[in-house]
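A.B. asks: Residues per chain, in single letters:
Number of protein chains: 4
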Amino acid sequence: MIKAGIIGATGYAGGELVRLLMGHKEAEVVWFGSRSYIDKRYSEVYQNMFQIVDAVCMDDNMEELASQVDVIFTATPQGLCASLINEEILNKVKIIDLSADFRIKDVNVYEEWYKLEHKSPQFIEEAVYGLCEINREDIRKARLIANPGCYPTCTTLSIYPLLKEGLIDPATIIVDAKSGTSGAGRGAKVDNLFCEVNENMKAYGVAVHRHTPEIEEQLGYAAGQEVRINFTPHLVPMNRGILITAYATLKKEVSYEEVKQVYDQYYKKERFVRVLDQEVCPQTKWVEGSNYVDVSFKIDNRTGRIIMMGAMDNLVKGAAGQAVQNMNLMFGLEETMGLELVPIFP
Amino acid sequence: MIKAGIIGATGYAGGELVRLLMGHKEAEVVWFGSRSYIDKRYSEVYQNMFQIVDAVCMDDNMEELASQVDVIFTATPQGLCASLINEEILNKVKIIDLSADFRIKDVNVYEEWYKLEHKSPQFIEEAVYGLCEINREDIRKARLIANPGCYPTCTTLSIYPLLKEGLIDPATIIVDAKSGTSGAGRGAKVDNLFCEVNENMKAYGVAVHRHTPEIEEQLGYAAGQEVRINFTPHLVPMNRGILITAYATLKKEVSYEEVKQVYDQYYKKERFVRVLDQEVCPQTKWVEGSNYVDVSFKIDNRTGRIIMMGAMDNLVKGAAGQAVQNMNLMFGLEETMGLELVPIFP
Amino acid sequence: MIKAGIIGATGYAGGELVRLLMGHKEAEVVWFGSRSYIDKRYSEVYQNMFQIVDAVCMDDNMEELASQVDVIFTATPQGLCASLINEEILNKVKIIDLSADFRIKDVNVYEEWYKLEHKSPQFIEEAVYGLCEINREDIRKARLIANPGCYPTCTTLSIYPLLKEGLIDPATIIVDAKSGTSGAGRGAKVDNLFCEVNENMKAYGVAVHRHTPEIEEQLGYAAGQEVRINFTPHLVPMNRGILITAYATLKKEVSYEEVKQVYDQYYKKERFVRVLDQEVCPQTKWVEGSNYVDVSFKIDNRTGRIIMMGAMDNLVKGAAGQAVQNMNLMFGLEETMGLELVPIFP
Amino acid sequence: MIKAGIIGATGYAGGELVRLLMGHKEAEVVWFGSRSYIDKRYSEVYQNMFQIVDAVCMDDNMEELASQVDVIFTATPQGLCASLINEEILNKVKIIDLSADFRIKDVNVYEEWYKLEHKSPQFIEEAVYGLCEINREDIRKARLIANPGCYPTCTTLSIYPLLKEGLIDPATIIVDAKSGTSGAGRGAKVDNLFCEVNENMKAYGVAVHRHTPEIEEQLGYAAGQEVRINFTPHLVPMNRGILITAYATLKKEVSYEEVKQVYDQYYKKERFVRVLDQEVCPQTKWVEGSNYVDVSFKIDNRTGRIIMMGAMDNLVKGAAGQAVQNMNLMFGLEETMGLELVPIFP
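Order-wise, the sequence lines are chains A, B, C and E. If you're matching positions, the first sequence starts at 1 in our numbering and goes up one per residue. If you're matching positions, the second sequence starts at 1 in our numbering and goes up one per residue. If you're matching positions, the third sequence starts at 1 in our numbering and goes up one per residue. If you're matching positions, the fourth sequence starts at 1 in our numbering and goes up one per residue.
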């Protein structure tokens with residue numbers, strides 16, 4: 001039985017980790033870390049866990065934690081994980097960081113976009129970007145996983161095959177993304193109040209959102225060259241779900257079948273990426289509560305562009321689910337263990 | 001492995017049954033019945049099932065079905081199940097009817113409230129009302145289960161202990177219920193369009209809702225006398241969830257502890273009924289996607305009344321989850337099998 | 001042109017007051033008070049007012065304000081208005097208090113339910129309870145108006161005629177109320193975040209909500225005796241709207257026509273109370289954005305009770321709209337001026 | 001007093017027209033046409049109109065209608081208006097067609113995208129595209145107005161100035177649009193049920209949406225050359241509101257101030273187009289219920305693109321509000337009459 005500790009267990013991603021690990025037959029949560037709720041019963045913070053979780057919330061004590069568990073999940077604000085880890089800890093315990101601290105290889109890019117000094121740049125090189133479908137083998141051997149951001153997961157998986165196969169022009173990629181409000185976290189802010197979000201929609205972080213360089217780095221690996229994109233996230237009045245609509249110019253004329261064949265080549269064996277049938281567009285509701293990413297595309301011969309679409313539950317494949325998938329790989333378990341979740345509808 | 005057939009697999013309750021049975025290790029769905037979608041792939045009707053369910057929808061053929069499966073779930077409009085079953089079928093296969101056909105023992109009451117002629121009154125006596133927490137032993141031996149209605153399940157479980165123990169006056173019970181819109185079904189009606197339901201709330205079926213006699217019958221068993229209640233359901237702009245707020249006059253002055261003790265006595269060993277802590281009110285979101293019913297109460301000394309509250313997912317404990325719980329009991333399986341679902345939040 | 005000042009202009013009720021007064025041809029807002037946003041442009045707080053309101057937010061300075069305006073609206077937390085007014089101010093300016101400070105005639109009841117010391121009990125007697133349909137004549141002559149609470153407005157108007165005419169037993173009244181989330185205000189609290197409210201429903205303040213004594217006092221005037229009720233509010237995932245469902249035992253058998261006649265007698269000439277047709281239940285969406293209260297009822301002969309229903313926009317008739325209606329009466333204007341708002345649908 | 005008739009008064013756009021015209025001091029609705037609800041009281045179809053509208057719904061009889069009214073609004077499916085009008089009618093009455101029949105000058109393009117034969121191509125040339133901010137003078141003199149589509153209105157107004165001034169490359173325009181569900185109409189379809197739309201988001205009509213050629217034609221006038229765009233609409237779980245996010249490559253390096261100056265030059269005097277302050281993104285809620293379009297932009301120097309954003313209420317400026325604005329112009333009234341609606345928030 002894998003003993004898991006969570007730092008940041010009372011955020012929405014932390015709560016989802018708890019939900020998933022409760023259903024995982026080879027792992028158990030033994031440390032519910034939450035600086036804001038120390039000594040409070042976890043099930044008073046998340047009443048859905050009443051009679052399911054009996055533990056109380058603990059402070060962030062990574063040394064102590066490292067001596068008690070096999071894996072630590074950090075579902076915390078940027079900067080915290082980097083400030084807490086060291087060689088000794090990494091020798092004792094595997095770390096899956098759900099924050100952005102180790103996602104970007106160029107520390108200068110990280111510091112510029114996140115306006116933070118990186119406290120452990122020496123581990124950036126070692127950290128493995130935990131996008132399982134692409135870096136599976138490296139993940140198996142890793143001590144430190146940079147669990148991908150929600151938008152980057154959905155975007156990269158939707159675009160990767162076409163870029164890798166050279167079908168689209170990397171200079172033309174535009175990503176228009178839409179997210180449910182759980183992505184904004186559980187902080188008490190006026191902007192996230194029900195009455196402000198409900199019956200409303202807006203773009204935010206236009207041209208400056210911090211997931212931009214993360215997406216560009218991953219797409220750059222696929223393209224074999226530097227990639228610059230436009231990325232515009234939007235806030236949608238729903239709890240869960242990310243939908244991305246990406247546009248790029250095709251390098252040559254291609255048929256539906258040719259493109260479909262490329263997607264299938266990359267994803268036919270992937271359990272968590274579903275390439276939808278022709279003319280079927282992804283819908284966030286069709287993946288809710290599950291670890292699936294649904295992808296689809298449409299060729300527009302009039303403009304020579306292709307529209308690539310992806311839908312995903314931001315808290316599952318976009319955060320906690322992918323973290324569990326990474327854990328499974330790191331511990332030699334079946335990759336899908338605890339993640340065989342049928343999407344809930346309606 | 002139990003082979004299950006579903007008649008009405010493309011309604012919301014039918015879809016939820018499929019979701020739950022996909023995660024059940026001792027049962028499998030072998031017949032996806034849907035008269036409206038015959039020969040269409042099930043996963044085209046419910047795209048969340050893409051790459052999970054490969055089957056196509058089948059017509060309603062109960063004879064054929066009875067020869068292929070061990071249990072039939074009928075998630076159909078009132079009247080259909082009663083029109084299809086007969087002794088030969090009941091000798092071959094167990095039936096769990098999610099419609100109201102066999103819930104009410106007095107056929108005249110059924111026919112009056114449902115405006116239907118009952119086609120199989122001879123089986124009403126035999127049918128067991130599948131409220132597992134109350135009729136567990138009878139369910140184990142049953143051939144035909146009347147799976148309780150959503151409102152009756154939540155209402156009965158919230159009120160039953162106090163009525164049974166004689167703490168409240170049966171003549172004073174008022175039940176004000178609120179339901180998410182999935183309870184209205186998947187039929188294409190203007191009243192259930194997004195724009196009509198969203199940002200809106202209304203009562204419906206005031207004083208004439210057909211769950212009234214079902215609740216009255218069950219509460220009557222608890223009270224040991226005939227019970228007449230007011231029951232008012234309301235439509236709420238959310239997908240899932242039922243909340244009931246019930247009022248009754250206390251027969252004598254009681255303390256919080258005394259009432260709590262009564263609830264605990266009935267439910268401490270029940271896996272799916274959670275009696276909440278003092279001052280905690282049930283919220284539908286805390287049980288979403290799970291088989292739990294959360295109950296709670298508040299004594300109002302100023303008026304001599306008690307307010308009893310219950311929250312539940314109408315599609316799980318209120319329909320498909322309870323149906324699976326009944327199946328588990330009928331087949332001698334662990335009662336909780338396939339139902340160990342952690343509520344999904346947010 | 002009436003000059004109006006608002007203290008608390010950046011709460012939801014304050015914002016609605018601004019919206020309504022912008023469309024009022026005989027009044028203009030000259031003071032946008034908001035302690036939280038002093039010196040900030042009002043249209044940066046409420047971007048809907050961009051290019052409509054140019055003013056900046058002002059501090060709370062009642063003396064200064066009293067010398068500049070004809071009427072002050074206080075849309076502030078309980079206690080503030082009572083702490084600011086005095087005889088000198090009341091001699092200069094009319095005050096419409098949207099808080100609860102002057103709604104309850106018995107100061108002890110106020111202090112007990114609100115857990116506050118009342119700072120101006122000497123003005124309670126003089127203050128007029130601003131429920132226009134009932135206290136119209138007194139309002140015309142008032143210096144100080146206690147603008148009714150949202151729940152009390154909807155509840156009182158729905159029940160008043162039947163109680164006044166002696167058709168129902170005052171000891172049996174139960175009010176089950178449901179409100180959109182704007183009623184919870186614009187404070188940044190976790191409980192009011194989108195993800196906590198959306199797809200959720202709960203009761204709150206069960207048996208202790210502070211609108212209870214206000215409703216009881218008003219119903220008491222109708223009954224001519226002390227009234228004790230059960231009042232249970234619920235939070236609903238929508239922005240605006242209050243729906244109340246009230247239950248009472250009929251004192252004698254009555255027909256639909258008799259009851260309808262009673263409602264019509266009280267409300268036929270009322271512009272803002274609409275008695276719906278038989279079998280039509282009020283829906284909050286049908287009054288959204290308007291000053292209407294829609295009322296309806298259903299007799300249940302089985303139980304001898306009547307179910308009374310009312311729907312209203314909590315920010316309009318339940319707050320800002322009624323405040324403007326009061327202002328109109330106090331200044332001798334047409335009562336409906338600025339309030340001829342057609343409900344917005346969908 | 002202008003007498004107005006509406007054909008299609010019971011759709012959402014028709015209902016909004018009624019709401020707006022009820023508040024218009026120089027116009028009155030004398031014919032509520034609705035083939036689906038002939039002889040039914042209008043206020044039974046739209047209960048918000050109870051005690052506001054007394055009329056019953058009438059059949060579509062354009063000859064009769066033309067003899068009774070000064071202006072006819074057709075808020076009907078494509079093809080109907082074109083099939084009903086003729087020279088005689090146009091000589092008697094002004095027509096504002098909210099359908100697409102007369103929006104596109106090239107009848108072949110219309111027939112190809114709409115899969116319909118155009119029944120009155122002889123009037124296409126004469127018809128004026130009723131985008132008031134751009135075609136104001138022609139509208140004043142028109143007999144027949146093609147009221148613009150919702151997406152085209154928001155898109156064109158957001159992009160027009162930059163294209164007209166040659167700042168952006170027309171070949172690079174990508175429009176990612178998001179709409180509330182009222183845009184899908186009031187037809188009873190499973191896809192538009194509450195439970196299917198709520199907590200969900202999807203793209204639809206990808207690369208084939210029929211507003212595409214309409215947008216391209218209007219942008220072509222601005223560019224002075226043929227324009228081909230990608231246009232992708234999405235369905236959002238909210239009642240009202242359109243948000244468009246448009247991308248284009250800048251033809252040269254420009255500063256914020258230069259672009260802002262261009263927008264101001266076009267819109268400073270426009271009452272219904274609000275160019276937002278720097279770094280403020282449009283939100284649909286800030287314009288709800290009003291005739292405003294809020295526009296804003298962001299230059300991304302990293303990619304050389306500009307992101308243009310616009311928000312609007314699809315039923316007001318995107319349909320009924322613009323229709324009234326056109327009527328005002330056609331009849332020589334103040335352009336803003338009946339449209340001075342303050343956006344409703346929250």
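Do not rely on the hints blindly, as some may be mistaken.
Chain copies aren't distinguished; within one or between two, either way the pair holds.
[To be verified] Listed next, the in silico BS3-like pairs over lysine-lysine satisfying Cα-Cα at most 30 Å (straight line): (1) Lys-189 <-> Lys-25; (2) Lys-40 <-> Lys-268; (3) Lys-189 <-> Lys-40; (4) Lys-189 <-> Lys-141; (5) Lys-25 <-> Lys-269; (6) Lys-94 <-> Lys-269; (7) Lys-115 <-> Lys-260; (8) Lys-141 <-> Lys-260; (9) Lys-25 <-> Lys-3; (10) Lys-3 <-> Lys-252; (11) Lys-268 <-> Lys-189; (12) Lys-40 <-> Lys-269; (13) Lys-3 <-> Lys-40; (14) Lys-105 <-> Lys-92; (15) Lys-40 <-> Lys-260; (16) Lys-115 <-> Lys-40; (17) Lys-189 <-> Lys-115; (18) Lys-141 <-> Lys-3.
It should be emphasised that the hints constitute simulated quantities derived from the structure, not laboratory data.
A.B. asks: All the hints need checking, so say for each whether the structure fits it.
C.D. replies: Verification of the hints:
| no. | hint | in the structure |
| --- | --- | --- |
| 1 | Lys-189 <-> Lys-25 | neither (37 Å within a copy, 36 Å between copies) |
| 2 | Lys-40 <-> Lys-268 | between (46 Å within a copy, 23 Å between copies) |
| 3 | Lys-189 <-> Lys-40 | both (22 Å within a copy, 18 Å between copies) |
| 4 | Lys-189 <-> Lys-141 | neither (40 Å within a copy, 43 Å between copies) |
| 5 | Lys-25 <-> Lys-269 | both (24 Å within a copy, 23 Å between copies) |
| 6 | Lys-94 <-> Lys-269 | within (27 Å within a copy, 38 Å between copies) |
| 7 | Lys-115 <-> Lys-260 | between (41 Å within a copy, 28 Å between copies) |
| 8 | Lys-141 <-> Lys-260 | neither (32 Å within a copy, 53 Å between copies) |
| 9 | Lys-25 <-> Lys-3 | both (11 Å within a copy, 25 Å between copies) |
| 10 | Lys-3 <-> Lys-252 | neither (51 Å within a copy, 51 Å between copies) |
| 11 | Lys-268 <-> Lys-189 | neither (42 Å within a copy, 33 Å between copies) |
| 12 | Lys-40 <-> Lys-269 | between (44 Å within a copy, 25 Å between copies) |
| 13 | Lys-3 <-> Lys-40 | within (21 Å within a copy, 45 Å between copies) |
| 14 | Lys-105 <-> Lys-92 | within (24 Å within a copy, 65 Å between copies) |
| 15 | Lys-40 <-> Lys-260 | between (51 Å within a copy, 23 Å between copies) |
| 16 | Lys-115 <-> Lys-40 | between (33 Å within a copy, 27 Å between copies) |
| 17 | Lys-189 <-> Lys-115 | both (21 Å within a copy, 27 Å between copies) |
| 18 | Lys-141 <-> Lys-3 | within (18 Å within a copy, 42 Å between copies) |
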